[in-house]
Every structure is written in structure tokens, then in C-alpha cells.
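Residues per chain, in single letters:
Number of protein chains: 2
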Amino acid sequence: METTEPEANVTRIMLAVNESSIKGYPHASISSRGAFEWTIQKIVRSNTSGFKLLFLHVQAPHEDEFEDMDSIYAFPEDFKTMKHRDQTRGLHLLEYFVTRCHEIGVACEAWVKEGDPKEVICRQAKRMRPDLLVVGNRGLGPFQRVIAGTVSEFCVKHAECPVVSIKRSPGETPRDPVDD
Amino acid sequence: METTEPEANVTRIMLAVNESSIKGYPHASISSRGAFEWTIQKIVRSNTSGFKLLFLHVQAPHEDEFEDMDSIYAFPEDFKTMKHRDQTRGLHLLEYFVTRCHEIGVACEAWVKEGDPKEVICRQAKRMRPDLLVVGNRGLGPFQRVIAGTVSEFCVKHAECPVVSIKRSPGETPRDPVDD
Chain A
1 METTEPEANV TRIMLAVNES SIKGYPHASI SSRGAFEWTI QKIVRSNTSG FKLLFLHVQA
61 PHEDEFEDMD SIYAFPEDFK TMKHRDQTRG LHLLEYFVTR CHEIGVACEA WVKEGDPKEV
121 ICRQAKRMRP DLLVVGNRGL GPFQRVIAGT VSEFCVKHAE CPVVSIKRSP GETPRDPVDD
Chain B
1 METTEPEANV TRIMLAVNES SIKGYPHASI SSRGAFEWTI QKIVRSNTSG FKLLFLHVQA
61 PHEDEFEDMD SIYAFPEDFK TMKHRDQTRG LHLLEYFVTR CHEIGVACEA WVKEGDPKEV
121 ICRQAKRMRP DLLVVGNRGL GPFQRVIAGT VSEFCVKHAE CPVVSIKRSP GETPRDPVDD
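Top to bottom, those sequences are chains A and B.
According to UniProt numbering, numbering within the first sequence proceeds without interruption in unit steps and concludes at 180.
According to UniProt numbering, numbering within the second sequence proceeds without interruption in unit steps and concludes at 180.
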């Protein structure tokens, strides 16, 4: 990775990522992956030394025995030392994105936090002060949104930093569009 | 300007810009300039050949005698040939942004359209299919928003492309925050 710019001067983009509700255990949701790919292809482009990506995954409380909430993961090796991989659902997710960033050559950090996703994302955005927060969005219609709720709408309204919501492409919509 | 990447592959960012309501005639609004500076500093950065900026200014109907709605402006020289500069309020605005882009070395195009700004912006975004739409935002509180309305909220909700709304920094708020 090039380090031609001091870190204080990079553009820091926070990505809120979550797990898929359809493909089971260790996969990132379709909309999370779409938001990540959009960020790399449309914003970072070839300027990998100009950006740092901050991945945040928020887990609902007591979802599993995960005890390692305050660790920061920035290198693929950081995940290899883990003993109880099967207990740490969120980390599989972060490992995917951190590994992709290292392949591409863009700096990153990743966290897991516990709580209500929409509130924790806004709180972490306030704490970290990213230049941009990118959230995926299933692109549901108004009726489906009432049922499913949307984290992205809440963040667009309440986060203190600029927010962009990336809609899932129609071609990637699963059979039940509330799934992701 | 470097042209190392073919244009089909650049990231196209549409910026909706408007005139200041306080400083009079030819100036861009504080929030328009803030949205532009954010785009340059945080997104384009040093990668000037990777981006193209599309400036759209929407004028209310019959605001003046402007007859040149369908022209496209991409170079500072495009503005020099105009005869009736005083009749073309929106063009001063576009000239400012086009000149800034040429100083920086980033490709751009600029248009004026007539109509209701929020609807025209969404319609043009649908037509142009930018990768990102950037709109300035006065950062008004809920009470002021009811009175003043906000174009950015409408675009975030209705535009078909990703949208980011850039709040005016508190230090730049004029005496009457509804002004811009």
C-alpha cells in the first residue's frame, strides 16, 4: 500500500455493514457488499492512498457470546489469532471487508459494537467524525419499508456527518425483497 | 488536465448549485460553495482525471429574460462570448464553478434549467444518471425547515441515484439562517 499522504489528511469513509439474512452465517448482506463496491469503484478509484475505510458492524445485544467488542481489526492477520471463531458472527463479516481492502491496497479499520444498529451507527459516526458515512439500502417500496424499517433512512436523517445511502441494484434483489 | 482515463470510466458527480439570497446578484450560495469544496477536498482529492463534475442550476420560471437554457458550458471561455451578461443571473454562478474546476484541473459541464428546483434536479439526475448527486443544505432546525422547505430533503428521498447532502458549517451561518 502506498503511503504518500499522511493519515491526518486522508478521506475517512465509514461503512456500516451487516450480515445477510438469507445466505446464513458468515456472509455480508447484499446491500453491504453493494455499498462497499460502490465506494471502491466510484469514490476511491485508483487513489487508494487518499482514503481510509472504517467498517462498523452492529450486533443486536446478547445475540451470541461475543466478548471482544472493543478490539480493532485492521489486517487480515488480526483475525487468524482468534480461537472461538464460531462464536463471533460479526467478525467473519469484518474479515471479508478487511481482506478485500488489503487486496485493493486501501487502509481500513473495523469494529463490532453491540446495540440498536441505527442508533449505534449514528453514535459512532459522531465519535469518529468520518468525512462520509456509506450505508446500504435494500431499496424497498414504502409498504415494505413500514414493515422492515430502514437503518439508512434513520442515518440520513440523524447522523451528524454527510451520509450516502446506496440502493441495492434491482438485479440483486432476492426472492423476498425484505431479505438481504 | 490529465486525461489518463477514458471519460466513460470517470465518476460523474452532479452538483446542484444556486445563488445566494444575501449577497446579491452574482454569487453562489454558501451551501453550494460548501458542497463544491467538500466534493473537491474529500472525494476528488488529487485524482482529478478520475472525476467529472456536472453543475446544474435551476431557475424559477420567468425570473428574467434568459433564453439560453439548453446550452452547455464546459470551459471558462464559453462565458466570454455572451452579450447580455446582466440578463443571465444563473450563468455567473456556473462561470464561477467552471472556472474553479479549470483551475483545479477537473473536467466539468454546466447547465441552467427552468422550473421547480427540487423536481428539476431529480428529473435531470434521472436523465444524466450521475454516480452521485451532491446538494448543499443550510442545516436548518425542524422549525425553520417547515418555513423554508429544503430541496436537499426532497432529493435525498426522490432522486434515483445516490445523494449526499452537505450541511453548511455552523461558522458560515448568516445572521438569518434561512438566508444562504
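Be aware that one or more of the hints could be misleading.
Since the list can't tell identical chains apart, any single copy or any two copies may satisfy a pair.
As the list claims (entries may be wrong) - When the alpha-carbon atoms are kept at most 25 Å apart in a straight line, the in silico DSS-like pairs for lysine-lysine are as follows: (1) K80 to K113; (2) K157 to K80; (3) K157 to K167; (4) K167 to K80; (5) K80 to K126; (6) K113 to K167; (7) K167 to K126.
Honestly, the hints are just simulated from the structure, not real lab data.
Bear in mind that the values here come from a model prediction, so they are computed numbers and not experimental data.
Verification of the supplied hints:
Taking the shortest alpha-carbon separations for K80 and K113, only the intra-copy value of 20 Å comes in at or below 25 Å, while the best inter-copy value is 56 Å. With identical chains, the CA atoms of K157 and K80 are never at most 25 Å apart, being 38 Å at best within one copy and 42 Å at best between copies. Taking CA atoms no more than 25 Å apart as the test, K157 paired with K167 passes in both settings, with 16 Å inside one copy and 12 Å between copies. In this assembly of identical chains, K167 and K80 lie within 25 Å of each other by CA distance neither inside one copy nor across copies; the values are 33 Å within and 41 Å between.
With identical chains, the CA atoms of K80 and K126 are never at most 25 Å apart, being 31 Å at best within one copy and 45 Å at best between copies. Taking CA atoms no more than 25 Å apart as the test, K113 paired with K167 passes inside one copy only; the shortest distance there is 24 Å, against 27 Å between copies. In the homo-oligomer, the alpha carbons of K167 and K126 lie at most 25 Å apart both inside one protomer (23 Å) and across protomers (15 Å), since each shortest distance falls under that limit.
Going through the hint list in order, the structure does not satisfy hints 2, 4 and 5.
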